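Trainee: Chain U is fixed; fit chain H onto it per the hints.
Here is what each chain is made of, one letter per residue.
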Amino acid sequence: MAGYTRGSGRPNQWLRNLNAKFASVPMILTAVVIFLGGTVWTVVYSFTNSKLLPRLSFVGLDQYERLWAAPRWLMSVQNLVIYGFFSLVFSLVIGFLLAALMDQKIRFENTFRTIMLYPFALSFIVTGLVWQWLLNPEFGIQSVVRSLGWTSFAFDPLYNSNIVIYGILIAALWQGTGLVMCLMLAGLRGIDEDIWKATRVDGIPMWKTYLLVIIPMMRGVFITTLVIIASGIVKVYDLVVAQTSGGPGIASEVPAKYVYDYMFQAQNLGQGFAASTMMLVTVAIIIVPWAYLEFGGGRKRA
Amino acid sequence: MNLRSFAAALAVTVALPLGAASAADLEVTHWWTSGGEAAAVAELAKAFDATGNHWVDGAIAGAGSTARPIMVSRITGGDPMAATQFNHGRQAEELVQAGLMRDLTDIATKENWKDIIKPASLLDSCTIDGKIYCAPVNIHSWQWLWLSNAAFKQAGVDVPKNWDEFVAAAPALEKAGIVPLAVGGQAWQAAGAFDVLMVAIAGKDTFQKVFGDKDEEVAAGPEIAKVFKAADDARRMSKGTNVQDWNQATNMVITGKAGGQIMGDWAQGEFQLAGQKAGTDYTCLPGLGVNEVISTGGDAFYFPLLKDEEKSKAQEVLASTLLNPATQVAFNLKKGSLPVRGDVDLAAANDCMKKGLDILAKGNVIQGTDQLLSADSQKQKEDLFSEFFANASMTPEDAQKRFADIIASAE
Numbered sequence: 000m001a002g003y004t005r006g007s008g009r010p011n012q013w014l015r016n017l018n019a020k021f022a023s024v025p026m027i028l029t030a031v032v033i034f035l036g037g038t039v040w041t042v043v044y045s046f047t048n049s050k051l052l053p054r055l056s057f058v059g060l061d062q063y064e065r066l067w068a069a070p071r072w073l074m075s076v077q078n079l080v081i082y083g084f085f086s087l088v089f090s091l092v093i094g095f096l097l098a099a100l101m102d103q104k105i106r107f108e109n110t111f112r113t114i115m116l117y118p119f120a121l122s123f124i125v126t127g128l129v130w131q132w133l134l135n136p137e138f139g140i141q142s143v144v145r146s147l148g149w150t151s152f153a154f155d156p157l158y159n160s161n162i163v164i165y166g167i168l169i170a171a172l173w174q175g176t177g178l179v180m181c182l183m184l185a186g187l188r189g190i191d192e193d194i195w196k197a198t199r200v201d202g203i204p205m206w207k208t209y210l211l212v213i214i215p216m217m218r219g220v221f222i223t224t225l226v227i228i229a230s231g232i233v234k235v236y237d238l239v240v241a242q243t244s245g246g247p248g249i250a251s252e253v254p255a256k257y258v259y260d261y262m263f264q265a266q267n268l269g270q271g272f273a274a275s276t277m278m279l280v281t282v283a284i285i286i287v288p289w290a291y292l293e294f295g296g297g298r299k300r301a
Numbered sequence: 000m001n002l003r004s005f006a007a008a009l010a011v012t013v014a015l016p017l018g019a020a021s022a023a024d025l026e027v028t029h030w031w032t033s034g035g036e037a038a039a040v041a042e043l044a045k046a047f048d049a050t051g052n053h054w055v056d057g058a059i060a061g062a063g064s065t066a067r068p069i070m071v072s073r074i075t076g077g078d079p080m081a082a083t084q085f086n087h088g089r090q091a092e093e094l095v096q097a098g099l100m101r102d103l104t105d106i107a108t109k110e111n112w113k114d115i116i117k118p119a120s121l122l123d124s125c126t127i128d129g130k131i132y133c134a135p136v137n138i139h140s141w142q143w144l145w146l147s148n149a150a151f152k153q154a155g156v157d158v159p160k161n162w163d164e165f166v167a168a169a170p171a172l173e174k175a176g177i178v179p180l181a182v183g184g185q186a187w188q189a190a191g192a193f194d195v196l197m198v199a200i201a202g203k204d205t206f207q208k209v210f211g212d213k214d215e216e217v218a219a220g221p222e223i224a225k226v227f228k229a230a231d232d233a234r235r236m237s238k239g240t241n242v243q244d245w246n247q248a249t250n251m252v253i254t255g256k257a258g259g260q261i262m263g264d265w266a267q268g269e270f271q272l273a274g275q276k277a278g279t280d281y282t283c284l285p286g287l288g289v290n291e292v293i294s295t296g297g298d299a300f301y302f303p304l305l306k307d308e309e310k311s312k313a314q315e316v317l318a319s320t321l322l323n324p325a326t327q328v329a330f331n332l333k334k335g336s337l338p339v340r341g342d343v344d345l346a347a348a349n350d351c352m353k354k355g356l357d358i359l360a361k362g363n364v365i366q367g368t369d370q371l372l373s374a375d376s377q378k379q380k381e382d383l384f385s386e387f388f389a390n391a392s393m394t395p396e397d398a399q400k401r402f403a404d405i406i407a408s409a410e
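Residue numbers (numbering that gives the first Met the number 0), protein chains in the order written: chain U, 0 to 301; chain H, 0 to 410.
Source of the hints: derived by calculation from the structure; they are not laboratory data.
Some hints here could point you the wrong way.
[As the list claims (entries may be wrong)] Computed far set for chain U versus chain H, every beta-carbon distance over 12 Å:
1) I81
2) F85
3) V92
4) R106
5) P118
6) L182
7) M277
8) I285
[Unchecked claim] Pairwise CB distance ranges, derived in the manner of DEER restraints:
9) H/N363 to U/I162: 42 to 48 Å
10) H/G239 to U/I33: 47 to 53 Å
11) H/D24 to U/I222: 52 to 58 Å
Computed from a predicted structure; not experimentally measured.
Note that CB positions come from ideal geometry on N, CA and C, so glycine has one too.
Just chain U, same shape as in the assembly (with noise of 0.2 Å):
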């Protein structure tokens, strides 16, 4: 260091730490050439009419314009946002909920620790197939709570049009609960026990210093559950594929299977692409502001 400031000029900023940036040369390639560069080609071919194989033949917005006068894919949408809502703040509220009760020096915290988190453990298609024969009216919980006595009871989900989504829900909340608890108990563990002594000698009840005190500390473990539980969101695939492959009729559908069912079933590359580009966009326009904000005022800040 010292040899550059008595030099002449100012040293050339690209030669130094030649080392660290020469290592980085194949992440770097990979990012640019295995996300960027397949993004640009996906983005790029949704503008051709590409069948069964990738041709360049432009037909400009016509894809965009299908697609977005399919039904099958506005449902899509409209479930995405009901599952993503919903989805959001059941896992994040119920996951606390459990950390806070797992953090009150209870007697066999690793026994339940590793209760709640084993379904997480699970793959979301083993996840879907029991859900599916638990809300089977003829197997699942319909059928049990009727041969218990009370015969006019009715509960299937995954077969009714209207509340299909929610069976759904259900089981990605069972599964994903389970993690979200253990990063907010790792956050609450994290806490300084000195708060909580002093909370108490200034006689604050419990809720309280959790509401006002101990969540806004843990803003970083919450940003990176929400992230956690925002990109397994939008990805959601194989636990509709499990559970009701998309059924009754396109009630259940979401994004990623009308992608891959026009990418291969269909043989419309041109469309799935389409449509892989609006995800893609949905999810930029939600991590964008949320990146520069983070990242781009913390820098600003240092």
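Mentor: Chain H in isolation, oriented as in the chain U frame:
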């Protein structure tokens, strides 16, 4: 080493590669996995193994809609199998145009496929730019209504002889706790059932105008409105099916839990496997008993272009084995489909297959929708009809409008 043993050793080195050249392992992919289908495909494997080669079975579970993307991505990704099933028609069109498939014209001319394959439209579907790219193995027709005799007996009504009688019998079936019409949840089943209703109710010419000429005015017209009316009946009758796969729906008919099912003749394999007899245990009505026309879509084997010469030779052997009269009979009897050759003897055929053969001989045939429409239009149609069958609040008029739009944009 004396001279003789040297000569023998020499002979062995020469003979070995020659002997090996005539035997090869060929991987064949297909989506025949239900009980009846698996029994049928075993016949093909047996026949091919008898030629000294070896059939490596590459069954892909799930319907064609699951299997086809896997097959296509293997072919386009440079890892082709030796042969693969497709429904002949437009599914493999682009693969052929991209030069990924093998031209079978030589062997086809040598074995005279043009003369033996009946109806000729089957081979036409394999032909692109004058060259033949696939070997058809069977004729599958969609236009069948399968009825459970036991279910109707339980409901106390006669087994219907046509669609209208079936609709009239529906309330009696419902009263007996039987679902009148089983329609599985997979989207292609609803779309297929509609196509069948169309041929039966609107007739052959209208069908051709809508799917062949893509005439949107006919699709929006009064003839098709009648078909949507019937589809509305079918929707009401299918309420409470609650199964996904077609063979589960067929099973409902076999066990008498459902009155009937509109399904292609591949359902027959399931009846056979369950030990049921046509006429006594179940009844089949081609063309829904209204309009005895059958479509001649079906399965065909396509052969991807391979670099390996031995395997390429074995591909030819496989192609000719598939069309061999003995293989045709053994395979189609198990599968419940009709042979692609007019000259084979199907004395062992059951009641329903004989009806099919009869219609075929009379020439009352149409092309299947797979042959007429692109996969893209088919998918749009599936989306429409799976929604229509699941959503009772969707009116037939709305559905018809969307149907006409799909036909208008079809290519």
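Trainee: For every hint, state whether the structure bears it out.
Mentor: Do the hints match the structure? See the list:
Interface exclusion of U/I81 from chain H stands, the closest Cβ pair being 17 Å apart, more than 12 Å. Every CB of chain H lies more than 12 Å from the CB of U/F85, the least distance being 22 Å, so the non-interface label holds. With a minimum CB-CB distance of about 32 Å to chain H, U/V92 clears the 12 Å threshold, and the non-interface call stands. Against chain H, the non-interface label of U/R106 holds: every CB pair exceeds 12 Å, the least being about 45 Å.
For U/P118, the shortest C-beta to C-beta distance to chain H comes to about 24 Å, beyond the 12 Å cut-off, and the non-interface label holds. Non-interface status of U/L182 relative to chain H is upheld: no Cβ of that chain comes within 12 Å, the nearest being about 36 Å off. Residue placement check: U/M277 keeps its beta carbon more than 12 Å from all beta carbons of chain H (closest about 17 Å). Every CB of chain H is more than 12 Å from the CB of U/I285 (nearest about 28 Å), matching its label as outside the interface.
Checked against the given bound of 42 to 48 Å, the beta carbons of H/N363 and U/I162, roughly 46 Å apart, stay inside it. Between H/G239 and U/I33 the beta carbon distance is about 49 Å. The supplied range of 47 to 53 Å therefore holds. In this structure, H/D24 and U/I222 meet the distance hint of 52 to 58 Å, their C-beta atoms being roughly 55 Å apart.
Of the numbered hints given earlier, the model fails none.
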